[in-house]
Structures are given as structure tokens and as C-alpha cells.
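No gaps in the numbering here: position 56 of the sequence shown is 56 in my numbering, and each next residue is one more.
One or more of the hints may lead you astray.
[Unchecked claim] Listed below are the simulated DSSO-like cross-link pairs for lysine-lysine, each with C-alpha atoms no more than 27 Å apart in a straight line: (1) Lys20 with Lys7; (2) Lys7 with Lys28; (3) Lys16 with Lys28; (4) Lys13 with Lys28.
Since the hints were made in silico from the structure, they are not lab data. Predicted, not measured: the structure shown is a model, and the values here were computed from it.
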Amino acid sequence: MDCPTGKVVHTLKTAKAASKRARRRTDKALDPYRCDFCGMWHVGQSNGMKRRVKTIYDNHQLRFT
1 MDCPTGKVVH
11 TLKTAKAASK
21 RARRRTDKAL
31 DPYRCDFCGM
41 WHVGQSNGMK
51 RRVKTIYDNH
61 QLRFT
């Protein structure tokens, strides 16, 4: 199956393996994501949305900020 965007199409398993290989070669975090156009998996950079940061307080409780 081809993607109309022209990107390489993966299954989830092969996308995870490809992202691990790509992370070793580059200093950028590459992650698998599901394509809105074809429904298959691709590997790419994050979309810039920030993830919540874990904070550990002095009382050793883990909270998300």
C-alpha cells in the first residue's frame, strides 16, 4: 500500500525498529506515528507539542506539572 504523501509505509513493529535505528544515527528524537491519510505508520520527528514534565518533590511524591 502506498501513502499519498510519498512517505515510507510501515507496520507498527517495523516503524518502532526503524525509529530505533534512526535515533542511533541522528541526535533528533524520531518516533513512529499513524498517518492521517493512509492509516499506516511512518517515522518522523515530534510535532512540537510539549510533553508534561515529571517532577520529584522532596517528599518523594511523583507529580506531573
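Right, here's what the structure says about each hint:
1. Lys20 with Lys7: Holds, because 18 Å separates the two Cα atoms, which is no more than 27 Å.
2. Lys7 with Lys28: Given that 27 Å is the threshold and the Cα spacing comes to 18 Å, the pair holds.
3. Lys16 with Lys28: holds, 15 Å
4. Lys13 with Lys28: holds, 20 Å
When the structure is compared with the earlier hints, no violation turns up for any of them.
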